[in-house]
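Number of protein chains: 2
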Amino acid sequence: MASVCILDEFEVHKNEEFLRIAEELKPELHETRIAPVRLLTLEQGEHPEPEVVAEEVPEALKDKRLKKDDKVILDFGSHHVGYVTLDLASAGSHQDAPAYIYLKFAERLDELTTDIAAYNGWISKGWIQEEYIHVDVLPAKLELPRRYAFRYMEIKVLDVSLKFSLVINSVTGKAVSAVSDEHVQAISTEDEILNQIDQVSIRTLKNCMQLVFEDGPKRDRRMWLGDFRLQARANYKTFHNVDMVKRCLYLFGGLTFNEGKIPACLFLEPEIEPDDTYLFDYALLYGSVLLDYYRATKDRKTLEDLYPVAIRQIEIGLTYLNDEGIIPDRSGQFWCFVDWGEGLNTQAASLAILIYSMRYGIRLAEYMEDKKTIEWLAEKMTVLKRSAVEHFWDEDQHLFVSGENHQVSWATQVWMILARVFDKEKNRELILHTIEVNPRIRMVTPYMYHHYIDALIRSDEKERALDEMKRYWGEMIRDGADTFWELYNPYNKYESPYGSVAINSFCHAWSCTPTYFLRKFYITEK
Amino acid sequence: MASVCILDEFEVHKNEEFLRIAEELKPELHETRIAPVRLLTLEQGEHPEPEVVAEEVPEALKDKRLKKDDKVILDFGSHHVGYVTLDLASAGSHQDAPAYIYLKFAERLDELTTDIAAYNGWISKGWIQEEYIHVDVLPAKLELPRRYAFRYMEIKVLDVSLKFSLVINSVTGKAVSAVSDEHVQAISTEDEILNQIDQVSIRTLKNCMQLVFEDGPKRDRRMWLGDFRLQARANYKTFHNVDMVKRCLYLFGGLTFNEGKIPACLFLEPEIEPDDTYLFDYALLYGSVLLDYYRATKDRKTLEDLYPVAIRQIEIGLTYLNDEGIIPDRSGQFWCFVDWGEGLNTQAASLAILIYSMRYGIRLAEYMEDKKTIEWLAEKMTVLKRSAVEHFWDEDQHLFVSGENHQVSWATQVWMILARVFDKEKNRELILHTIEVNPRIRMVTPYMYHHYIDALIRSDEKERALDEMKRYWGEMIRDGADTFWELYNPYNKYESPYGSVAINSFCHAWSCTPTYFLRKFYITEK
Chain H
1 MASVCILDEF
11 EVHKNEEFLR
21 IAEELKPELH
31 ETRIAPVRLL
41 TLEQGEHPEP
51 EVVAEEVPEA
61 LKDKRLKKDD
71 KVILDFGSHH
81 VGYVTLDLAS
91 AGSHQDAPAY
101 IYLKFAERLD
111 ELTTDIAAYN
121 GWISKGWIQE
131 EYIHVDVLPA
141 KLELPRRYAF
151 RYMEIKVLDV
161 SLKFSLVINS
171 VTGKAVSAVS
181 DEHVQAISTE
191 DEILNQIDQV
201 SIRTLKNCMQ
211 LVFEDGPKRD
221 RRMWLGDFRL
231 QARANYKTFH
241 NVDMVKRCLY
251 LFGGLTFNEG
261 KIPACLFLEP
271 EIEPDDTYLF
281 DYALLYGSVL
291 LDYYRATKDR
301 KTLEDLYPVA
311 IRQIEIGLTY
321 LNDEGIIPDR
331 SGQFWCFVDW
341 GEGLNTQAAS
351 LAILIYSMRY
361 GIRLAEYMED
371 KKTIEWLAEK
381 MTVLKRSAVE
391 HFWDEDQHLF
401 VSGENHQVSW
411 ATQVWMILAR
421 VFDKEKNREL
431 ILHTIEVNPR
441 IRMVTPYMYH
451 HYIDALIRSD
461 EKERALDEMK
471 RYWGEMIRDG
481 ADTFWELYNP
491 YNKYESPYGS
501 VAINSFCHAW
511 SCTPTYFLRK
521 FYITEK
Chain A
1 MASVCILDEF
11 EVHKNEEFLR
21 IAEELKPELH
31 ETRIAPVRLL
41 TLEQGEHPEP
51 EVVAEEVPEA
61 LKDKRLKKDD
71 KVILDFGSHH
81 VGYVTLDLAS
91 AGSHQDAPAY
101 IYLKFAERLD
111 ELTTDIAAYN
121 GWISKGWIQE
131 EYIHVDVLPA
141 KLELPRRYAF
151 RYMEIKVLDV
161 SLKFSLVINS
171 VTGKAVSAVS
181 DEHVQAISTE
191 DEILNQIDQV
201 SIRTLKNCMQ
211 LVFEDGPKRD
221 RRMWLGDFRL
231 QARANYKTFH
241 NVDMVKRCLY
251 LFGGLTFNEG
261 KIPACLFLEP
271 EIEPDDTYLF
281 DYALLYGSVL
291 LDYYRATKDR
301 KTLEDLYPVA
311 IRQIEIGLTY
321 LNDEGIIPDR
331 SGQFWCFVDW
341 GEGLNTQAAS
351 LAILIYSMRY
361 GIRLAEYMED
371 KKTIEWLAEK
381 MTVLKRSAVE
391 HFWDEDQHLF
401 VSGENHQVSW
411 ATQVWMILAR
421 VFDKEKNREL
431 ILHTIEVNPR
441 IRMVTPYMYH
451 HYIDALIRSD
461 EKERALDEMK
471 RYWGEMIRDG
481 ADTFWELYNP
491 YNKYESPYGS
501 VAINSFCHAW
511 SCTPTYFLRK
521 FYITEK
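First to last, the protein sequences are chains H and A.
Number 9 in the working numbering belongs to position 9 of the first sequence; there are no gaps in the numbering.
Number 449 in the working numbering belongs to position 449 of the second sequence; there are no gaps in the numbering.
Everything labelled a hint here was simulated from the structure, so no lab data went into it.
All values reported here derive from a predicted model rather than from experimental measurement.
Any given hint might turn out to be false.
No copy is singled out in the list; a pair is fine if it fits within one copy or between any two copies.
What the hints assert, rightly or not - Below, computed lysine to any residue pairings styled on SDA-like, alpha-carbon distance capped at 20 Å: (1) K68 to S500; (2) K156 to I133; (3) K246 to L29; (4) K14 to A89; (5) K261 to L7; (6) K64 to P308; (7) K462 to S500; (8) K156 to E131; (9) K71 to D8; (10) K64 to A140.
With the sequences and hints as input, model every part of the structure.
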C-alpha cells in the first residue's frame with residue numbers, strides 16, 4: 001500500500017526566531033577515515049542472502065586487471081555513513097575509450113544481489129545507492145560527491161576496451177556523524193548478546209545523527225518526529241548530545257502549518273521546510289520529546305518557548321474526536337502511523353496515543369505551573385479513558401479491538417497499556433494475555449517493538465522485556481545486523497512495506513532504543 | 001571482427017621540440033550558444049528509424065510535470081559538439097527522494113530507440129552517450145561535465161516520488177569547435193543537393209575540429225592519421241586553418257616509436273601519447289599530408305623538420321616487402337586499414353599504397369632537392385609497379401586480384417589506379433570496367449569512397465565522379481544526415497563493423513571531403 005500524505009492547502013508558518021536558534025546549534029560533523037577490510041566473492045544460492053565463497057585481503061585489489069563484466073565487492077567491516085574516493089588507473093595499452101563503471105553501495109549483502117531493475121515499488125528507486133559513471137581519462141581520482149550508507153560496495157566494469165584494463169589502486173572513505181564513539185562508553189555485562197545489542201544500538205544511533213536526527217542515512221535521510229523521539233531517548237543515555245535534541249525540537253517547533261500543526265517530518269535542503277505530511281500520532285508525541293528534554297536538561301527557556309507548540313498539538317488532536325468521544329477510523333490513510341504491517345487498524349491506537357500525549361501534556365503543564373491546562377487535560381483524559389474502554393474493550397476476549405471489524409492487534413493492546421487506560425495490575429494482565437493469545441496482526445517495526453518493551457517494563461515485566469529484546473534485536477544481530485533495521489518481522493524476514501526489501505533502510509533510527517532500555521532499566525550506571 | 005592492434009614491445013620516442021611546437025599551436029575553442037528548437041514524440045514502427053509522430057515548441061518543456069517513466073526528446077536542430085546544462089526544479093510537494101534521471105545524447109534519432117542493454121559488440125559501450133544521474137536537491141542547475149556529440153537529447157525520469165514531479169525549466173548548451181562558420185563561405189550552385197553536400201561536409205569538418213582533428217566527436221574522439229589527411233585537404237579549401245594542420249603534423253612527427261614508425265592515432269590526455277597501433281597504410285600516407293601542407297603554405301621550416309619522418313615511413317614500408325617484391329598478406333590483422341567491410345583482402349592495396357606513398361616521397365624530395373632520395377625512390381617505384389602487375393593483375397578478368405583466393409574488390413582497383421601502376425588511359429578503362437563488373441566486395445566507408453572519387457577524377461571522369469558523390473553523400477543527406485557518417489553502405493544501411501549501428505559515429509572526419517572535391521575541381525573560386 002502506497003502510504004503518503006499530500007495536503008492540499010498547506011500554509012507554512014515559520015517561526016524565524018525558533019529556526020535561528022536551531023541554525024546556531026547546527027553541528028560540525030566528525031570525520032573518520034574508513035577503508036575496506038576484505039574483498040568478497042559471492043554466490044547466490046536458494047536464499048535471498050548470497051553466500052560468501054571467497055575472501056581476499058584488501059591489498060589484492062590493486063593487482064586486479066579488470067575487464068568488461070568483472071566486479072569486485074569490498075567489505076568495509078561495518079556500517080558507515082559517508083563519502084568514498086576511488087583512485088583509478090589503467091593497465092595495458094593507453095586508455096582508448098571511456099571506462100564505464102557501475103557502483104553499488106549496500107548496507108546488507110543481499111542488496112547486492114537483488115535485481116534492482118525489477119524493483120517497481122511505490123517508494124522511489126532513486127534511493128537505491130547505485131551510480132553509473134564514465135571515466136574519460138585515467139588515471140583519475142574519483143571523488144564521489146554523494147553520501148552513502150553502506151558496509152559493502154560493489155564496483156563493476158560495464159566496459160573498458162579490448163586494449164586496456166581498469167585498475168583500482170585504492171578505495172578510501174570518510175565516515176561522518178555529529179557524534180563520536182569516544183563520547184560513549186561500552187557496557188560490559190556477562191551476557192554477550194546484550195553487549196552486542198547495546199553496541200549495535202549505539203552504532204545505529206550514531207550513523208543516524210547527522211545534521212539532524214535522520215530516520216535512516218540511506219532512506220529517507222530526513223528527520224521524522226516519531227524517530228526523533230526515540231533517538232533522543234537513546235541519546236540521553238549514550239552520546240548525551242542535548243544540543244542536537246534542542247536543535248531538532250526548535251526545528252519542528254519553528255515549522256508549523258495551518259492550525260499550528262507540527263509536520264511529521266522536515267527537510268533541510270535547499271532550505272529548511274516542513275513536509276506536507278501530518279501524522280496524528282507523531283504530532284501528539286512532540287510533547288513527550290519536550291518533556292524528556294526538559295527532564296534531561298532543566299533548560300527552562302526551551303520549555304517555555306516550545307510548551308505552547310506541544311499543547312497546541314493536543315488541542316488539535318482533540319478536535320478530531322467525534323460525538324462518541326473517539327477518533328473516527330482513518331486506517332486507510334497515511335494519517336496515524338502506529339506501525340507498518342499489512343492491514344493494521346489504527347483507530348483504537350490513535351485514541352490511546354491521544355490519551356498518552358495528554359499525560360505528557362499534564363506533566364509539561366506542571367513544570368510550567370499552568371494550572372488551567374492541568375485541570376482541563378486531566379478532566380478530558382478521564383473522559384477519554386472511559387470512552388476507550390466503552391468503545392474498544394472486548395470483555396469476552398479480554399482484549400482491545402479496533403475498527404468496525406473489531407480487529408485484535410498487538411499494537412492496540414500496547415498503546416492502551418501505555419495510555420494507562422487501566423491500572424498497572426490490569427495492564428500487566430493484558431500484556432500477558434496478549435502474549436498468550438499472540439494476535440495475528442503482529443508488530444513489524446522496531447518502532448512498535450520499542451513501545452511493546454516499554455509496556456512490559458511499565459507493567460513490571462522487566463525480565464520478560466529483556467528476553468523480548470534479546471529475541472527481537474538479538475535475532476537481528478544473528479541475522480547479520482551491523483546496525484538495526486527499519487523493518488524486522490521475525491515471522492517474515494523479507495517483509496517490506498515498499499515492494500522490495502532492497503529499498504528498506506538497514507540503519508534506522510527508531511531501532512536504536514535497546515541501549516536506552518538497557519542503560520535506563522538494567523545497567524547500573526557508574 | 002574485433003580489429004585492434006596491441007604492440008608488445010612499444011618504445012615511444014618523443015621529440016620534445018616537435019611536441020613543444022605543437023603545444024604552442026593549441027587552439028582556443030570557439031563557443032556558440034545552442035538550445036533545443038522542438039520537442040519530439042517518437043514511435044517505433046517496423047524500421048530501425050523511429051517516426052516523429054508529434055512536435056512541440058521548446059517552450060512547452062517547462063510546463064511539463066514529469067513523473068516516473070515520463071520522457072522528453074529534445075531536438076537541437078542540427079548536429080553539435082558541446083556541453084549541456086539543465087535547469088531543474090520540482091513541482092507538487094517538497095522533493096522527498098532523489099530525482100533519478102537518465103540522459104541520452106544521439107547524433108541520429110535511431111540511437112534513441114536502439115536497445116543499448118543488448119549491445120555486446122567489440123567496441124566499448126562506454127562510447128554510448130548516456131548518463132544516469134541522481135539529483136538529491138531540487139532546484140538544481142545540472143552542468144554536465146562531459147562533452148557530447150548530438151542533435152537529439154532524451155531525458156527520462158527513472159523515478160521521482162509519489163509526492164513531487166520533475167520540472168525542466170530549460171536545457172541550454174554551448175557548442176565548441178576550433179573553427180567558426182564565419183571563416184568559410186557557402187557555395188551556391190544551381191544544384192541544391194551539391195550545396196547541401198558542401199554544407200554538411202563543412203559541418204562535419206567543423207564539428208571534428210577540436211583541439212586536434214578528431215576522427216569523430218562521439219567516438220573515438222582522437223586523431224587518426226588517415227582521417228587527418230582527408231580533413232586537412234577539406235580544411236585548406238574551407239576554414240584554411242593551417243596552424244591546426246601544422247600542429248597535428250608535429251604531433252605525429254613528435255610521437256614515433258620503435259624503428260621510427262608513426263602511430264596510427266594519438267591521445268591528448270592525460271598527456272600526449274601515441275597509441276600502440278601501427279597501420280601500414282596510415283603511416284605511409286603521412287608524406288602526402290606533409291606535401292599538401294607544404295603546397296598550401298610554403299612553410300619551409302616545417303617541411304625540413306618533418307621530411308625525415310615522412311621518408312622514414314617509406315623506408316619502413318619497404319622493409320615489409322618479401323623476396324617477390326610484394327607485401328605478404330596480413331588481411332586477418334588490423335595492420336593495413338584500407339576500408340572496413342567484411343572479408344576485404346588488403347594485400348594488393350597495401351602494395352598500391354606503398355607505391356602511392358613513394359610518389360609523394362619523390363615530390364617531397366624534390367622540394368628538399370634531395371636527389372639521392374629521388375633517384376632511389378623512383379627506381380624502387382618502377383620495380384614495385386612491375387611486381388604489382390606481375391602478381392596481382394588478372395588479364396582474363398581485366399582486374400587486379402588480391403590474396404591467395406584472388407579476391408576482386410573495388411578497393412584494390414581504386415588504389416592501383418591512385419598508385420598509377422598503369423597510365424591514365426588504362427586507369428580510365430580499369431575504373432570503368434570496375435563499375436561495370438561491380439565487384440561484390442564493395443566500399444563501405446566514405447574514407448574509401450573518397451579514394452574512389454579521387455580515382456575517377458584522376459582518370460578524367462569528373463562528371464561521373466560528381467554523380468557518384470551525389471549518389472553516395474547525397475543519399476546520406478536524404479537519409480537524414482546533418483553531418484556525414486563514419487559508415488555508409490548504400491546496399492546495407494545498418495551496417496556496422498562494431499556490432500551495432502548505435503556505436504557508429506555519425507559525424508566522422510573522413511566523410512567530409514566532398515567539399516574538397518567540389519571546391520577544388522568543380523567550383524570556380526572567386
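Against the structure, the hints come out as follows:
no.: 1; hint: K68 to S500; verdict: between (29 Å within a copy, 17 Å between copies)
no.: 2; hint: K156 to I133; verdict: both (10 Å within a copy, 17 Å between copies)
no.: 3; hint: K246 to L29; verdict: within (17 Å within a copy, 55 Å between copies)
no.: 4; hint: K14 to A89; verdict: neither (50 Å within a copy, 22 Å between copies)
no.: 5; hint: K261 to L7; verdict: within (12 Å within a copy, 72 Å between copies)
no.: 6; hint: K64 to P308; verdict: neither (63 Å within a copy, 42 Å between copies)
no.: 7; hint: K462 to S500; verdict: neither (35 Å within a copy, 68 Å between copies)
no.: 8; hint: K156 to E131; verdict: both (10 Å within a copy, 16 Å between copies)
no.: 9; hint: K71 to D8; verdict: neither (47 Å within a copy, 27 Å between copies)
no.: 10; hint: K64 to A140; verdict: within (17 Å within a copy, 38 Å between copies)
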